[in-house]
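Taking the hints as your guide, dock the two standalone chains into a single complex.
Note that the protein sequences, when read in sequence, are chains L and Y.
Every letter in the first sequence is one number past the one before it in the numbering used here, and letter 429, counting from 1, is 419.
Just so we're on the same page, the numbering used here is the position in the second sequence counted from 1, plus 1.
Treat the hints as calculated values from the structure; they're not laboratory data.
Where hints are given, some of them may not hold.
Distance condition first, Cα-Cα at most 30 Å in a straight line; then the derived DSBU-like pairs of lysine-lysine [to be verified]: (1) 318/L - 63/Y; (2) 124/L - 67/Y; (3) 73/Y - 276/L; (4) 63/Y - 298/L; (5) 145/Y - 176/L; (6) 283/L - 63/Y.
Because the structure is a prediction, the values reported are computed rather than measured.
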Amino acid sequence: MELTGAQIFLECLKKEGVDVVFGFPGGAVIDIYDELPNYPFKHILVRHEQGAIHAADGYARATGDVGVCLVTSGPGATNTVTGIATAYMDSIPVVIFTGQVPTPLIGNDAFQEVDIVGITRPCTKHNYLVKDIKDLAFTVRQAFYLARTGRPGPVLVDLPKDIMQQKFEFVWPEDVSLRSYNPNLKPHTRQIKKVAKLIEKAERPLIYAGGGVISSGAEDELTWLAKSLNIPVTATLMGLGAFPGNDPLWLGMLGMHGTYAANMAINNADLVLAIGARFDDRVTGKVSTFAPKATLVHIDIDPTSIQKNVAVHVPLVADCKSALSALKSEMELKSKSIDWEVSHAVWVRQVQEWSEIHPLRYKKGSKFIKPQFVVEKVYEISNGDAIIATEVGQNQMWAAQFYKFKRSKSFLSSGGLGTMGYGFPAAIGAQMAFPDKLVVNIAGDGSIQMNIQEMMTAVCNNLPVKIVILNNGYLGMVRQWQELFYNRNYCETCMDAQPDFVKLAEAYGAAGFRVTEEKDVEPVLKEAFALNKPVIVDVRVDPEENVYPMVPAGASLTDMLLV
Amino acid sequence: MRHTLSVTVENEPGVLSRVVGLFSGRGFNIESLNVAPTLEEGVSHMTISTIGEEQIIEQIVKQLRKLVTVIKVVDLTEHKSVEREMAILKVNAEDAKRAEILRIVDIFRCKVVDVSVDELSIEITGDNGKIEAIINLLSRFGIKEIARTGSVAMKRALQI
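Only chain Y is shown next, with the shape it has when bound in the complex (with noise of 0.2 Å):
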């Protein structure tokens, strides 16, 4: 099952190095990571979005709990929470194809970004299934490239 990890750490060089790390050294799989800093001066948010059963995700969770420069660890499958992630796609778009395109990106509430000739460039924000959902939709008309910045999450606020 796919799990999302929200992590709080010490923002310093070679924190990004020690978490990764322990992925690649004990054989975990990191589906997409995300790394930026927070308000608060001297610490960063990770997102990882990773993928396995549940004894090794409790692993992942601890093992990363272990590392002397992470303060926080947080799986969001166990909360509810607001996971988003970014794309741009650069898609093939003659003349013909282009009104339909466009359809998709209005329905999809996408923006496009850059256009020329031939190619229009899409950018869109949603949950990992959105994504997914629109570069199948798009596939079709030929993506050129893609660049995505894996999910950012965060836990949602007590609803009173």
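The shape of chain L in the complex, shown without the other chains (with noise of 0.2 Å):
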């Protein structure tokens, strides 16, 4: 039987087994929006583009499924190139359709015609656009074909109006291959057993784990072999909750804000396994003086990120998962006549003292509630099972640091492209995606107004996300490199003048609360967090307050600012 353009693209969706489509409709896209009652997925309107590909990017964080994006042509799309970019830094799979103007027009200037395909191509894993209705089906299959498999990534697709308009025959291609991609999944057999000899052989070895090992799904694999053969484990940002937050090899995240332990681990380990992780410059510090002392293991699905940064010694081309369960057989043969619990004492027992001497923490007893204070409460009363999506800034920071990630998909968090207005909409998709957990948006003053807008999308779809603003009237991280770096020159970041949350939270039909004293923010969360619909908590934190350890950008991961 023959469909019609939208019937087909509707119909590729339902075999893809999409259940939410985040979007926002427009003249390029009604004839899709006109099909979509008659489709089982949910669609959900949002304020904004912007707030469709990011919820679409959270749906996709918390879950590991690939988030479906629906948006207009011309202004739709292109105000979606934010959260494509912060999709394709972090390797998030997420496809992206949008509407064009007919094919007939491409290239007239027609109204509402922008070439999407061309402005997105340096920030998308790749995008079609669809100009014969012969290719729609197979092109929406290989979209989520990539965006799934090898290195996540954002793909999008451009679906000129006409093109949903015709007529033609629906075929669902089940078999998908593409003669030039094919991602190298499995690790090779000497590199693994290299690895396993440098292992048995290191006295003072760590793990170093990024994004990788959560969207190949490894955590259980890198948990092993931590625990297993006593190594210690430090992650990116994008690596939060791969390893038990609350373990006792945990030393936390490395780099920039990371804490003392892990970047003086890194700076004396003589071997470190990097698992799914990029060696971005706010994890190495200075290149030339990281891991000095170490011979550098790199594990990674994409052969672009190994020796991009950092000169690493053995290099391992593989999906994390496969080469983690290669490399878990090669060590427990191994572990039949070694002790590891003997052999790495002397090393463990070194970075947890590191961890005693300068653990993570925050001067306490100021007239000022301090932001610290307020991540411990909202991780002691979630008791660490809640989602938490950040914002971008010092808040993202503290979150990071604060709350212990006890498992993975549970951080959402712009890592690569510092995204400010990211988290909100992320915590929506999160919300939609697991409706009957804790959804909390760690957010600050500035950037939660990047897209404050889609409190109208939490509050018509039910959606309870908690927002917590930690409140310091500034645009708190540029301020603190002000402080430190330009003579305390406040240029710009000072965000006073700023709306009434709690009655822009009523307005939008949300519940708002203030806190200003210290004694409240523990009651008030937990009233807010038993609340069925979204909240937002105003918290009035330490205007000054700043993000410890520090190192500056470009010194060496051992030059840490420490409180």
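Okay, here's the thing in structure tokens:
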């Protein structure tokens, strides 16, 4: 039977098992919206297309499935670009469908026309313009396949309006094969044996885990490796949750705002196992002094990540889960003759001592509420079981430092791009996926205002996301840099002119609380978390609190500014 | 060091733009780029000349391989290869200088493809060094215009 392009498109989504689409209609996609009520998935109407792409991204991070976003041509499409770049930098599987003007008008500067395929070429894993209805089903199939396989990432499909209106026989392509796309999933046996030997010989081994551990689902293998072989673990921002944050072998995050123990450990380790991490400059600090005493092993599915920033001694191109499974088998054999508890005892004691000497801490007893205290309370009250989405800046770093992530996919944060305005829509996406879970957006007063309009989306879809604003009246992280490196010239970072967040919440039909005393933090958070509706908790925190430890940009990791 | 990359790509719209965008977006340098269809339908061949440290070249090759529309990348610098470039030079050639120019044309086994009262247009094919050499030699007569194709290259056949 012949179907319209719009019907074929929606049939494809059904075949892909899509259950939620985050979107915003417009002229170019009106044929799709016309058919939408006949299909089983939910459509979440956002208030801005940037909200749609971040929500799809949050959904993908929280579930591990592909997030889907549907917007119109021109401005609808360009409004997603920040979100696409966010997903690209963090390797998140999302598929973005954009409307396009009819094919005869393409290139004629038609109303709401933009070359979105051209615009997004550098920030998508791949993108398509469907120029023939014959290619439609195959293209959608490929888009999902590319987004979720290999190193995941965003894939965009541009859908001209006339293609959505034409008719064609719907045939679902069961198999996808692209002659030019063959991600290398299986590790090289010889390299695995080499890594196993290095672990056997190492006296001071350290695991440095990144987001690749989570996206490949290698958390169990990683945890086995660390615990069975008695190896301490640190992680990037994207790797938080890959290893339980309350385990004695956990050192905390490393890098610019990493812990003293993690940064000292990387500086003194004789073997570093970098797994699904890409040696970002926020992690390495000054590259020439990064892990100076270590043999570096780098496991990554993407060959371009290896040797890009740091010269590694043993490269291993493979899916993290496959590589760690193979390594596990290899180490199980060795474990019969080696007592790892004993062989790494001195090293583990050493890193734990570093954790004891300089734990994450903040000065207490101030007249102000400390933002770190608020994050600690969110952790306590949620029992560490919440999904935490953050904005970007100090709020993000305090959340990363003081919330002990016990499981993966529970920390949603824009790592690579550092997108302010990411957290709230991402939290909406996560709440859609897990309606019964506590989802908390830890925000700053600056960044929450970047996508606050999505409060309406949360309210009308009964998504009880909790926003905890660590309100210091500043663009806090920039202010911190101005204080430390720019002679306290707080140019344009003071945000004390701000809306009444409580009234704003109420205006949208959500609940709002304001907290100005430390004693009220716990009871108000408890009350807010118990409400079955979206809530803003506006916590007035110390305006000049800083994130510590801090490694100045470009300095060595051991040059930490401590509290 | 100069490297010549042989890149096989899907012949579809936007492929060239993806390759060029990769170079410009990541700050890599393209010295010359040549693209044309191959014998196989739907497949094109690119020859890219680039200059960089080994680590940069390694990144370029890996990044190119990562593009979904790129089928194969070979760094010809690591193999025995044939590399050629074509150029057409329009040279000042008044009567007094014409004989000497034609001698150079002969030595370099070039071809005169256009003649006028005071100009000669010369077609030359050869490796990069040969093209540079004749440009140097003819520049003292005054080169009015130049058109170069950039390198085209392929791996040599296996020698038995």
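Hint check results:
no. : hint          : in the structure
1   : 318/L - 63/Y  : holds (28 Å)
2   : 124/L - 67/Y  : holds (27 Å)
3   : 73/Y - 276/L  : violated (35 Å)
4   : 63/Y - 298/L  : holds (10 Å)
5   : 145/Y - 176/L : violated (57 Å)
6   : 283/L - 63/Y  : holds (28 Å)
Violated hints, listed in ascending order, are 3 and 5; each of the other numbered hints is respected by the structure.
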